Structure formats: structure tokens, C-alpha cells
Amino acid sequence: MLSVFLLTCTLSACTGQTIEIQPAVVTLDGPGATQRVIVLLKRGTDIVGDSTVNADFSSANPKVVRIDSSGVLHAVGDGDTVVSTERDGEFAFVKVKVQNTKKPQEISFANHVIPVLTRLGCNSGACHGALAGKGGLKLSLRGYDPDADHFVLTRQANARRVNRQEPARSLFLLKPTLALTHGGGMKLEVKSPEFSVLANWIANGAPGIATQDTKLTRIEAFPPNAVLEPKDTLQMIVRAWYSDGRSEDVTRLAKYSSTEDLVAGVNDLGAVKVTGHGEAAIVVLFGNQVALVRVASPFANDIHSKVFSTSPRNNFIDTLVLKKLEAIKLPPSPQCSGHEFIRRAYLDAIGVLPTPEEARKFTEDTRPDRRARLIDALLERPEFVDYWSYKWADLLLVSSRKLPQPAVRSFANFVKRSVAENKPWDRFARDILTARGNSLRNGEVNYFMLHKDITDLTESTAVTFMGMSITCCRCHNHPMEKWTQDQYWSLANLFAQVAIKNGDRAGEFSVQSAGEGDILHPRRGVAMAPTPLDGKPIAPGKDRREYFVDWLTSPDNPYFAKAFVNRVWRNFMGRGLVEAEDDLRQTNPASNEELLVALARDFVKNKYDTKKLVRTIMLSAAYQRSSSSVAGNKDDDRFYSRYIIRRLPAEVVLDAYSDIAKIPTEFSKVAVGSSGGATATPDYPLGTRALQLPDTQLVSQFLDAFGRPERGQTCACERGQESSVTQALHLNNGQTLNDKLRNKKSRVEEWVTEKVSDDDAIRRVYVLALSRIPTDAEFARFRKLLAEAANDPQVSRREAIEDLFWSVLTSREFLFNR
Amino acid sequence: MIRLDAQRPAHFCDGVTRRDFLYAGAITTLGLTLNDYLQAQQTGQATRDTNCIMLFLVGGPSHIDTWDPKPNAPEEIRGPFRPTATNVNGMQISEIFPRMARHADKFSLIRSVYHTATAVHDTGYQMMQTGRLFAGGIEHPHIGCVLGYVKGARDDMPPHVLVPRPIGRTGGNLPHGHTAGYLGRPHDPFILNADPAVPNFQVPDLLPPAYISAVRANRRQRMRDAVDGAMQSFENNSQARQLDGNFQLAYRLMSSPRAREAFNLDQEPAAVRDRYGRTRFGQSCLLARRLIERGVRFVTVNMFETVFDEVTWDIHGSRPFTNIAQMSREVVPNFDQAYSALLEDLTNRGLYSNTIVTAMGEFGRTPKINPAGGRDHHPGVWTILMGGGPIRGGRVIGESDELGYRPKSRPVTSGEVAATLYRGLGLDVHRELPGPQNRPIPLVDFGVQAIRELF
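Protein chains in written order, with our numbering: chain A, 339 to 1156; chain B, 486 to 940.
Hints were generated in silico from the structure; no laboratory data involved. Everything numeric in this text was worked out from a predicted model, so none of it was measured. Each hint should be verified, as a subset may be incorrect.
As the list claims (entries may be wrong) - Computed cross-link-like contacts, DMTMM-like style, restricted to lysine to aspartate or glutamate with a CA-CA straight-line distance of at most 25 Å:
(1) A:K569 x B:E917
(2) A:K1122 x A:D1096
(3) A:K611 x A:D394
(4) B:K893 x A:D483
(5) A:K611 x B:E624
(6) A:K740 x B:E790
(7) A:K611 x B:E917
(8) A:K593 x B:E790
(9) A:K440 x A:D483
(10) A:K472 x B:E887
(11) A:K1082 x A:E1060
As the list claims (entries may be wrong) - Covered by chain B, according to a simulated footprint, are these stretches of chain A (three or more residues, beta-carbon under 8 Å):
(12) 511 to 520
(13) 594 to 605
(14) 704 to 716
(15) 992 to 1004
(16) 1139 to 1149
Just so it is clear, CB atoms sit at the ideal spot from N, CA and C, and this is done for glycine as well.
Construct the entire structure; sequences and hints are all you get.
Printed below as a string of C-alpha cells:
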């Protein structure tokens, strides 16, 4: 029998579409156990549809299992059998084991009664889960507090709700079945499985929460992924697994949400409906467990496979990007031009514009590997150190907001030295997290001064090095992740033995490992065994910080490398594989998980070498694509079918203004406190670039308006990338750009003195600012406008050239990298 | 002049009268659309548009210490203050608001607002400013941005102005709901980004410097438009479109005399400025009045920029936060003075009859005083204030339970608060906005109603 099925399936696999039942293996445990199954259409390995509605099922042994027309398996008697379905001569089957049908059903309050109350809506916000309860009965919202609910149901209201002597006289059963009036109306059918769960629970003595209760260990959702089209629907199945090895169908009890409602939505019963193109993840929550169903809805493009097979592949990134593009049917844009590439590469890698001379040399270079050579050269530029030091100083909150100036310098120097020597990222993390000694000598020690509070230290470390926010778990289990409050306080306890001692000078203090001390779990009032997330508790006598870093930087750590490569990827690609860049969590999946894993693996293999990672990304054809769309990829904002344009960072724009005007920016005042005061500082000689500042407290209206991060909280969101009216007003009327152009020593002055022609001025501004020659149309427009200015008696030649600079330097092409 | 009670001549098939059509031309010049006009006529509301000032009490005021006193609760709950009578019979508020107490007929208290989302500041900002918690990747628009989207700009003034600055980081990582969300960046509020209380306050860079004449400024804009490389990449990118939109708005603002005047607080007599209080919040309230007077439809005033490093309503007790005593010494008098001045001033100028003033925080605070002498986040129940325009004053809507933990009667959600503001502003709460990818999204969720007792 079995071999026949297998044979049929194997044959039909060759013909294109096949069918499959999920879950493929089901165990029904206990009397009345049920499990819904779905019949899925497959093309190759892809699941492409749900045909459960049209399926006829048959049970090979109806004495073991019965299946109804909607696809629900019902336990009848103990044994093993198979249930099958047929479609156009193809068969699919599910193996069913039925056991313990003779054993009385055991009902757990937490695992059965509460999920039933949740499913029936009894403890929803609209009914008894409301803050004030309803009709005198108050349950915890969706059952988050089972102990309290048990007390309320069994003790309150003179214990009339649950009558252990005469279960049938329990208000708990009489009201929702409308045997007694019930404000909420009819909620519970007497013959329903839900009724029997509640009745059996009472009959068993209405037991409460027992420590030996089986625990929910994991949930799984079916199908794990699917490739569908708009208007397609799919009924998901969710199965829960318990610590005693039992599984149960909890599809109707779980909670669902979609990460992209515009691609696929989901209703309360787990029915998915596809509404647009792209990818969505359906997040399933049950108890404290999370599962995902990934739904891909390819774009409505008809693309020849040659488009993908002939698209350039420079390294493994391209293999994986193109694989995704082909799956989601997005055509890649062609490679960008040479002048686009040089400007882009300079800005993304080192934060400065190429000089006209550099741009010319590159354009004239005819060697086929000129882009690779340029990348290698950029990695060795001193500006590379400035740019990346600034980035990591953002991440580490290097700032005089909380640190005295000498400490800021010491911390900034540590970062800069580390970048300059291309210190491997694991070493960098270790240096910081195990820092000890004097804060003015060992800059990394300041990390602990910034995060003196243990919870802050724990949470900031998680964001900084794992791209993960665990703040929720400080007070309760994470609502969107598997992390529990217990795990949080076990992790926090790894940071409980940091001793800080004040020194004699400003900003001087020292950090040592204390060797004793614990932080207490606030609810339990005890110290948890110091344990990394999902890790093993520390053995006695070991240094806690060392132990944490060993775990963090071990090649198998699932977060450390991913978090870092995602940050670097975002710098170059405009959007993180996971977005936001520091929001890595199971319920926020990457747009290309395979690529994220591959990048992380490559990074680990290369011993956490940052420059190698940068080089790999910049060499990829994906990075070198044009930002212009081709037919069919206009709507792509996350699969890298074209280069994603983005506004330049505040510091980069300001430095570019200084370079182009030849007037450096003055950084002569540093903000003190949050009240708006400032004091003069001699620390930054004229010529210091914005990207060389060790501190974000230097007064600069421009940098504030353009979104310089405050370095107050560890979060990539601190950097503002939006454009605003304030920015536009500042560029129009503010001093920053206007004063640079008006300055007597500016490049404008030089050109006016040398009596520059209109055409020369236009061309030279374009080359300086945009690294390209103006088009004929642009030439024509500017000639006309400059002629108009020449005829305006109110406007001098000098002012006309200023206006020319101004217009190019405020254009979107200048302010954006593309 | 538009008369809404015009007699009814023959109707066209679609129910629109000939006379209405004649008026329609006049209406559009006033920034009204025909639909709004017809709707106003149906509901009998004045065409004199209603405006709104939303005072956002960043940090989350303790309801028990402010507008929902619990004199009969145990000491660790009722706190240090006693209730005081107001000029409305039976309405009591905490004694620390003596000036407000004299204006209680002008505002109503909603004492049963609650939310069930996570008790962090950010969720409350989202819900109170947009009426919804963000989910499914959709960012909803601020009520003021919706108003601006529907009614458009009046004169040269941006329809929605946010003063003095957006709420900064408050611990969470979520959007705060002060933007236009899915309506798109062009409908974002104009953000002041300056402290109106500093001497010689000016909107930064609002005016061109003397050396840039109007002709020159105009030519600069045209030159800027002359650069058009990579046109297609930029047209496809919302960030880039936003940049150009902002340049256009900036140009409109800098060339408008009315806008200049609206932001010029120096034109206010010293006595008026003193009456509001020479604090950032006081002068922001005064600026809000000036802006409303000159055509802005909606002003959001954030009382604080963050809950760190500032003495705010966020009274956890331990550093860096405030405790109850510090709140009553610094935060409360600041609010009491500015709020009462605003109500008085708007009333005296005849603006209160078409300007809603609402004051709200993002949640209440735990009834039980914590060991640090403060109170922590408590979205279980809190009190907000509302009055002006069609919203009645002197009423108390809903109540919290004896200990101030949760609503006891007439619980009110953020959606209902938004619905009330929308109705007060003359918008149909069932009106649909073009959501992401043009998916229609109603102003409030189906079934959510305005608080009818306030009208």
C-alpha cells in the first residue's frame, strides 16, 4: 500500500504540479483528539496553493481515524494508519498514529482551559478581558495571568462559578451556554469540544497551575513557506508541542499578524489572503512561542531566465541576490556608469567626494579591473578611518553628553586606533566588553561609564553587538520574541560584577571585575544563574564578562556576525537585509535570509575582517547596479534589483560644502547640558572635518538640521535621514552654505578673479559637485539663467556665480547618493 | 457671503441644488471642498472651520495627582494633594491647579481614557496623536495632518504646525505618530525647531538674509530646477520627492508676509507674554494662538522634548526622572498658567468658539506611589482635557475606579478620542483616506464613535 503511494508521488513529481498533505505525520493523543490537515499544491519544491476545499479524503482504517470534509482528523481508536487524498490521479497521504483513546482526558488549566477561553473570546478586551471586566467577572487579557484567572474562576463570587460537587451547576458552564442569562450571549455549544474541555476540567476537580504541568516547548506552522499570487488564499495550520512529547492542533487558538499587510493579510483564524506583490511573513504567536510562515508573491513580470543567467555575478552576493530576484520576478537594473560608480564608492566608503582629478583618472583608466582597484585604494585612505570611526562612535555613544572631554577623546582614540589597524570585530567587541583599567589610558573603559546601570548595560550591549532589543523582557516576557524575563535577568547577571572607581582627574575612573555581586530578578527576588541567551550558565569562578564575550564571539553565535554584516550592508546598500538595521528578531525576518547567513559565514571565515567585508560588498554587481529602474523593478525597495538612492549623511554634506567652497567649517563651541548653553573650545583647529569630530556635542546648526545623531541611546534610529522644511530653509536662508560661498577666500572668489566664463563655471561646478559633465540641456538652461543674472543690475557677477554654486549644491542630485 | 440656510430651489437629480453650485465656487476659494460644504450643511455645522490646538503633556501626567483626585483612597495612593472645587459645580481637580479651577466651565474632563498596548511612552504617542496603534508596517497620520490633507492650506500658512520640536527619544524604538504617515511627507507638520521663550526668538532661517533679494531668491529656485540628472531615479524615490516638496514649501513660507508675522512673538505686548508664562511651553501656547489666528488649522504643542534630562510629567521618582514634589513645583504651575492663559485669551478674542483645545498625555501613572516617591507608567486609566469649538466644557466623562486603576464607567479608547476630535473638526469619521497603495483606510476603525456627551 505504502509503496504504491510513494511510486505515484514520485511519478507525478515529474509532471509539474503535485499535491502534498501537511503536516505529513500526525499523532492524535487522547480521546477526542483532532488535528486539521491541509492539502497543498506544489510546483517543484514550492508550495503554490491550497486545495483543501476541493479535496476528498479517505481513511485507510476508519476504526483508527476519521476525517471530515474540512480536513480535520478525529481520533477513533488506537492504532496506526494512513489518510489519503487524490487529485487528477495523484495521491498524497498523511501518516496518523492514534494513542491513549482509552485514557481519560487530562485537562490542564493553562494548556487547555485558558486557550479555550481565549478562542471563545471570553478573555478578550471586549468581554471579560476588559480592564474593568464585564458583569463582575474580570479575566486577564488573553490569559496572560493564569494564576489570577484560576483564583477568580474558582474562588470569587462565592465559588459559584465552578461547582466541583455538581459540575453542571457551575455558572462557568451555565452562562455561556445561555442556560442562565449571559450578557455576552451564546458563546458555548453544549455539544462542542470546547464545552467538554471546560466540563471535564471541572469534573477533574478544576485543578490549578501545577509545577509538574507539561509546558509548551515549541510551535510549528504549516506550510513554512508558500509562493502565491494576489487573491490567493491559504489556511495555515499551527501545531503546538509540549514537554511530554505530545502535540496538539492550536490553529484556532493562536494569534496571527502579518509583517506586510500590503502583500498578504491574515485573519484571526489563520487564513492568509494575498493582496500585493513582494514578501510577507505571517507571525504566529501561541503561549510564549513564535513561528513564521513566509509568503512570497512574485511581481507580475514575465522575465526570461536569461536575464538572470546573464546578469553579472562578481561573487556569492550576486548568486544569492539574483536567486531572490528570479524567485520574486524582479529584473535587475544594469551596472552603473563609471562616473556614477566613483562618486558612489567614495561617498559610501569614505564619506568624501572624488576630486575632479581623481574622477578624471578613473574615467581614463581602461583596465578592466579599475573598479576593484579603486575599492582597494579607498580602503587604505585616511578618510576611511575617519568615516568608519565616526560610525562606530555613533554606535558606542562617544559623546560629551555624559562623558567629560578627556574621556571622550580617550574613547574616540580607542575607536580610531581600532579602525586604523582594521581590528577584527570580535577583538573590538572583546576589548570593549572586557575593558578594565584607567579610562583615560584605556578608552574602551568608558563604555562602562556610559552604561553604569546594569540593565542599561545589558540592553545596550544587546543592541550594539547583537542588533537585538531585549528591553521588553526587563519587566515581562517579550511579546514578539521568545525571550523571557528569566532569560533577561540571567543575561543581566553576567554584567553584575563590574566595579567602577572614580579617579582624581576629570573623566578619570577605573573599571575592574569585582569578583562578587549579583543583580536580583525583580519579580522573583533572587539572582538568576548568569547565562547568555539560550546558553549554558557560567561555571563558578569564571570571569562573567569574559564568559559572555566567549559566547558572543564564538563562531556559532547566531547573532553577533549577522548584526554586524547587516550594519555594513546597510551602509552600502541603502537598506538593511534586516530593517531597521538593529532590529534583528525572529518576527522581523530578513529580505534575503540566505544572503544574510552567507555574509555572516563569510565574515566569520575571514576572521571578522571588516575591510574584507566592505570589499566583498563593494565588488558585488548588486552594489554596482544603476539606481535607474528598468521595466518591472520600479516598485522594488528591498530586493536590490537596483541601487537604492539615499540622502547623504549630515556630516558628509557639510564636509563636501567645505571642500567645494574651499572654506572649512569652524567647530569652536561645544554644547553644555541640555539647556542650550555652549562654551568655547580650542580643541578643533580650523580644517577639522565634521567626520573627524570625536563628539556630537559641537555646536552646528547644520548638523542638527540634517540629522546628526545625539549619541544618547544605542539606536540606529538616532540618525535622521529624512529631509525637512527646516533643512530647506537652512540651505536657502541659513549661514552655513551662504557664508561659505560669500567668503572672501572661497572658490567662488577665485573663479570671479580669474574671470571664469559661464561655460567653464557651469562645467567645473558640475564636475566638483556631481562628478559629471552637464548635459546639453542643463548647459542651455544655466547659460540662459546666467545671462539673465548678467542683465540684472542688482546682481553682481560674484553673486551670480554664488547662485550657480548654490543651486547645484542644493540639488537633489548633490544631496543624494545614487 | 455664504448662507447655509438658503431656501431650497429645485434639486438636481444628485441632490445638489443650483444655488449650491453657485456657492461652490466661493467655497473652494476658502479651502473647502464641495463635499465638506455639503456635509457641513447636513450636520448643521458652521462653515467657519474649527481649528485645534493639541497640548501634548509629554511624560504622562499622574491622573490621581492632577485631574482625577482620590481623596478617599489610602495615603500611598491618594498622594500629597487635596482636591479643590472649580467654577463648575461638583467638578473637583487637584489643588495644585488654582488657575485652571477658575476656567473649568471651558473644558471637560475625560477620566476614563485607557489603552491596552505596552506601557511605554511611544505606544501612547501613536495612539493619542493618530487614534491607532501602529501595526502591519503601516504608520497612521497625526490627526492634524489628516485635517490638513482634507482641508488643505489656508492662505500661505501650513495647515499643521508642530511647536517647539517633535518628541525625541523616550526609551522605546517606535514611531511617535507626529507625521503624516501613509498620507506622505508633503502632509507632515511644519516643525518649528526653536524655543519661542528665548529672547529674540525667530523661526530659524525663515527669512532670507538681506543680501538675497526676492528676485535673486527666485532665480536660485529656477537654477536649482535646472539640475536634472538621474531624473527617473529621483522621481521614483519618495525621499527625493520629499526633498523637492520641502524646498517648495520653504520658498512659499519665506516669501509670505503673513507667515512672517504669525511667527513674530515680539508683536505681543509684554503683559500677554507674561500671562502665558515665560517658559518654553507658555510661549509655545501663545505662538499657537497667533498661528491659529493667522490661518493655521492645527497646532501641536509638545510640552517637553524628552523624558530624560528634563523635569517632566514622567515622575518615576528616581533620577534621571522627576518625583511628585518636583512635578508640583515646576511642571504643574507651568501648565496651569499657560493653559488657563490660552483658554482666557482665545475666549476674549472670540476664537474659542471655533478652536478646540485639548491637553493629553500618553498614559496615566500607577496609583500606588513607588518606593522612590514617584509613580510609574499606567495606561490602565487616565484623564485628558478637551473643550472649545463644538466641544462642551464643564463636563466629566467617565470615571475611574475607587483606587484609580482602571475605568469604572464609560471607558474611552484613543480611537474614540480621535473620533471626537475629528467630529469636532467637522470631519466625517467614516471618511476614507488613501492608505498605502491606495487601500482605503477610514479616519477611525469601523464602529468607533465620537464621545457624543461632549457635543
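Has the given pair, A:K1082 with A:E1060, been kept, meaning a C-alpha gap of at most 25 Å?
It is violated: about 33 Å lies between the C-alpha atoms, which goes past 25 Å.
Hint consistency between A:K569 and B:E917 [alpha-carbon to alpha-carbon, up to 25 Å]:
22 Å, holds
Within the assertion that chain B covers the stretch 594 to 605 of chain A, do at least three residues meet a Cβ-to-Cβ distance smaller than 8 Å?
This one holds; 7 residues, not fewer than the three required, reach chain B with a Cβ under 8 Å.
How about the stretch 511 to 520 of chain A: do at least three of its residues have a C-beta closer than 8 Å to a C-beta of chain B?
As far as the stretch 511 to 520 of chain A goes, the hint is violated, because 0 residues have Cβ atoms under 8 Å from chain B.
Can the restraint linking A:K740 and B:E790 be considered satisfied, given a maximum Cα separation of 25 Å?
OK: A:K740 and B:E790 at ~18 Å, within 25 Å.
Against the 25 Å threshold, does the CA-CA distance of A:K472 and B:E887 hold or violate the hint?
With Cα atoms ~17 Å apart, A:K472 and B:E887 stay inside 25 Å; holds.
Counting residues of the stretch 992 to 1004 of chain A that have a beta-carbon nearer than 8 Å to any beta-carbon of chain B, does the count reach 3?
violated (count 0)
A:K593 and B:E790 were given as a pair; does the straight-line alpha-carbon distance stay at or below 25 Å?
36 Å, violated
Restraint check for A:K611 with A:D394, where alpha carbons must lie at most 25 Å apart:
Status holds; Cα separation ~23 Å.
Does A:K440 pair with A:D483 here, judged by a C-alpha cut-off of 25 Å?
33 Å, violated
Given the hint that A:K611 pairs with B:E624, test it: the Cα-Cα distance must not exceed 25 Å.
21 Å, holds
Restraint check for B:K893 with A:D483, where alpha carbons must lie at most 25 Å apart
Answer holds: B:K893 to A:D483 is near 21 Å, not above 25 Å.
When held up to the earlier numbered hints, the structure conflicts with 8, 9, 11, 12, 14, 15 and fits the remainder.
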